[in-house]
Amino acid sequence: MKSFAPIAIAVAALALLQALTADSPYFTYLALLVGVNVVLAVSLNIVNGLTGQFSIGHAGFMAVGAYTSAFLSLWLHEYHVSALPESVGNQLFFVVSLLAGGGMAALFGFVVGLPSLRLKGDYLAIVTLGFGEIILVVVRNTPALGGALGLSGTPQHTTFFAVWFTVFLVVLFSRRLLASGHGRSLVAIREDEVAAEAMGVDTTGYKVRAFVISSFFAGVAGALFAHFQSIITPGDSFSFVKSMEVVVMVVAGGLGSTTGAVVAAMFLTLLPEGMRAVFQVVGGDNATLSQSIDQLRKPLFGLLLVVLMLTRPQGLFGTHELWDLFKKKRSVAP
Amino acid sequence: MSDALLQASGVTIRFGGLTALTDFNLEVRKGDLQGLIGPNGAGKTTAFNVLTGVYLPTSGEVRVGGARINGQRPHRINRLGLARTFQNIRLFKEMTALDNVRVAIRSTSGWAASMLRSGGFLKEEAQLEARARELLEVMGLSHRADEDAKNLPYGEQRRLEIARALGTSPGVLLLDEPAAGMNTREKADLMVLIRELRARFELGILVIEHDMKLVMGICEKLTVLDHGETIAHGAPAAVRADAKVIEAYLGEAPAHG
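Quick mapping for you: the protein sequence lines, in order, are chains A and B. Quick note on the numbering used here: the first sequence kicks off at 4 and runs consecutively. Quick note on the numbering used here: the second sequence kicks off at 27 and runs consecutively.
Rather than coming from a laboratory, the hints here were simulated on the basis of the structure. One should not assume that every hint holds.
[As the list claims (entries may be wrong)] For lysine-lysine, the following DSS-like pairs were computed, each having C-alpha atoms within a straight-line distance of at most 27 Å:
| id | chain 1 | residue 1 | chain 2 | residue 2 |
| --- | --- | --- | --- | --- |
| 1 | B | K119 | B | K176 |
| 2 | B | K247 | B | K213 |
| 3 | B | K247 | B | K56 |
| 4 | B | K119 | A | K123 |
| 5 | B | K119 | A | K5 |
| 6 | B | K56 | B | K213 |
| 7 | A | K301 | A | K245 |
| 8 | B | K176 | A | K123 |
| 9 | B | K213 | B | K119 |
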């Protein structure tokens with residue numbers, strides 16, 4: 004079973020990495036943040052990059068996943084499977100709630116996607132924008148989900164392994180998708196919807212499928228997020244700003260490039276942290292100076308994106324992939 | 027019931043007050059090579075769009091492979107055995123020539139098999155690629171397989187469109203001005219190629235063209251449209267002698283003629 008080999012290798016490598024970094028909580032924390040953003044960016048790339056539709060409500064699906072899984076986990080927390088040791092039972096519950104979060108987000112994706120994707124054009128952007136806002140309003144007004152105060156006490160099950168294994172799965176999925184008839188159909192829709200339809204591609208069906216899959220992974224990302232934040236609130240972490248952040252990652256990496264999305268998500272998540280570190284050094288002991296320099300982070304971040312779009316409007320990678328480089332080298336050799 | 031692969035009977039289409047096509051009748055059988063001609067704005071492309079499901083006829087019906095297609099979506103119609111090319115080239119620009127053709131060839135592998143790269147999936151992918159390469163070779167594009175479609179010269183892009191349409195294994199192929207923008211030499215080569223395709227793939231072919239000389243040379247039957255009305259129908263020689271056709275193309279005949 005050659006096709007399972009990459010999975011086995013990933014499991015081993017990630018488990019090793021987790022063990023090696025176990026005593027560095029700062030690294031682990033950053034790795035979780037980065038990993039969740041990578042999952043979001045790579046999954047959004049399936050819709051915005053590969054299929055050429057424009058969704059700007061990815062944080063809404065992330066919220067659906069986060070709240071579904073947190074709610075389920077809080078409830079499952081009361082129980083334990085008697086036949087299993089507690090830690091194993093907890094992991095089992097965790098996996099169940101991750102899948103439930105993804106599944107619920109996928110269901111919402113279907114409901115949102117079906118009516119808007121039957122049409123050509125920008126309707127998806129409008130609908131997903133509205134969806135992202137509606138979800139937050141609903142959560143704020145639902146006492147069972149904690150209302151505006153948020154849902155707290157979610158068990159902190161998310162590990163480095165869980166996040167990065169999800170990253171691995173979504174990247175592997177994207178890659179194998181592109182090497183299949185399904186992926187080619189999606190790209191054909193991006194390139195020319197009328198021609199794709201005329202060549203026998205069920206364009207509506209494929210757009211909805213891409214959107215549902217993308218929503219599923221956004222839901223899983225949300226679920227992972229909910230299980231390492233001790234509290235989730237219907238605020239910044241699921242807002243329109245978050246959605247735009249993910250869109251920026253996909254565009255900066257190159258629409259349609261999976262590895263581009265990965266690199267851009269890592270870079271853009273770590274950049275503020277990196278800048279903070281640099282500015283603290285520059286500011287030295289002078290606390291007020293380092294603080295005021297720290298304020299420059301956001302404008303600099305914006306400036307960097309403007310420069311990137313001016314110099315490389317197709318994004319860092321265009322539609323290319325890192326692994327294409329290796330392929331080309333290999334084919335040159337006899 | 028006739029054994030026509032493509033049949034339009036009494037098709038009329040109106041856009042508001044404008045009747046773009048009036049009582050249009052056509053039958054394409056296996057092995058036919060027909061032409062649809064007429065001056066600019068005569069309704070040729072409208073007729074194509076009705077046949078391929080882009081427009082819904084106001085009245086009349088279209089059948090593909092015996093099945094009524096009124097109101098069906100274009101991809102369903104394609105699967106019934108009707109493929110087309112576009113007047114203004116519509117290739118998948120950022121995809122390689124090979125992938126352009128592969129999109130058109132139907133894959134039956136499910137999502138799970140594709141993601142797990144099962145044995146059946148890999149086998150089908152290999153067959154698909156072989157078939158796509160074969161079609162590229164037929165159209166003389168083998169050397170371009172790995173190039174992005176947008177980088178191909180114009181004439182090759184037109185041929186790639188035909189290769190892609192053939193990928194859907196159609197019974198009837200509709201070519202919308204396949205020779206537009208080509209020079210005389212390229213046009214002549216294309217006509218030879220179209221004849222070969224018909225024999226090799228046992229196709230019925232319908233060509234839209236406004237270059238009379240070109241269609242006269244290869245088509246066995248012509249339908250002439252003017253202002254949405256069928257003004258002549260039949261063998262090229264008869265059509266060429268038809269007074270209405272001469273009038274449509276050259277203006278009114280002299281009174282004594």
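Here is what the structure says about each hint:
Straight-line distance between C-alpha atoms of K119 of chain B and K176 of chain B comes to about 5 Å, which keeps the hinted pair within the 27 Å bound. Of the pairs offered as hints, the one joining K247 of chain B and K213 of chain B holds, with about 19 Å between alpha carbons and a cut-off of 27 Å not exceeded. Restraint check for K247 of chain B and K56 of chain B: satisfied, since their Cα atoms lie roughly 13 Å apart, inside the 27 Å limit. For the given pair, K119 of chain B sits about 19 Å from K123 of chain A by alpha-carbon distance, which is consistent with the 27 Å threshold.
A threshold of 27 Å between alpha carbons decides the hint, and for K119 of chain B with K5 of chain A the separation of about 33 Å lies outside it, so the pair is violated. The straight-line distance between the Cα atoms of K56 of chain B and K213 of chain B is roughly 24 Å, inside the 27 Å bound, and the hint therefore holds. For a cut-off of 27 Å, the pair hint linking K301 of chain A to K245 of chain A stands: about 15 Å separates their Cα positions. Between K176 of chain B and K123 of chain A the alpha-carbon distance is near 23 Å, which keeps this suggested pair within the 27 Å criterion.
A C-alpha spacing of about 24 Å is found between K213 of chain B and K119 of chain B, which places the hinted pair at or below 27 Å, so the restraint holds.
The structure is inconsistent with hint 5 alone, although it conforms to all the rest.
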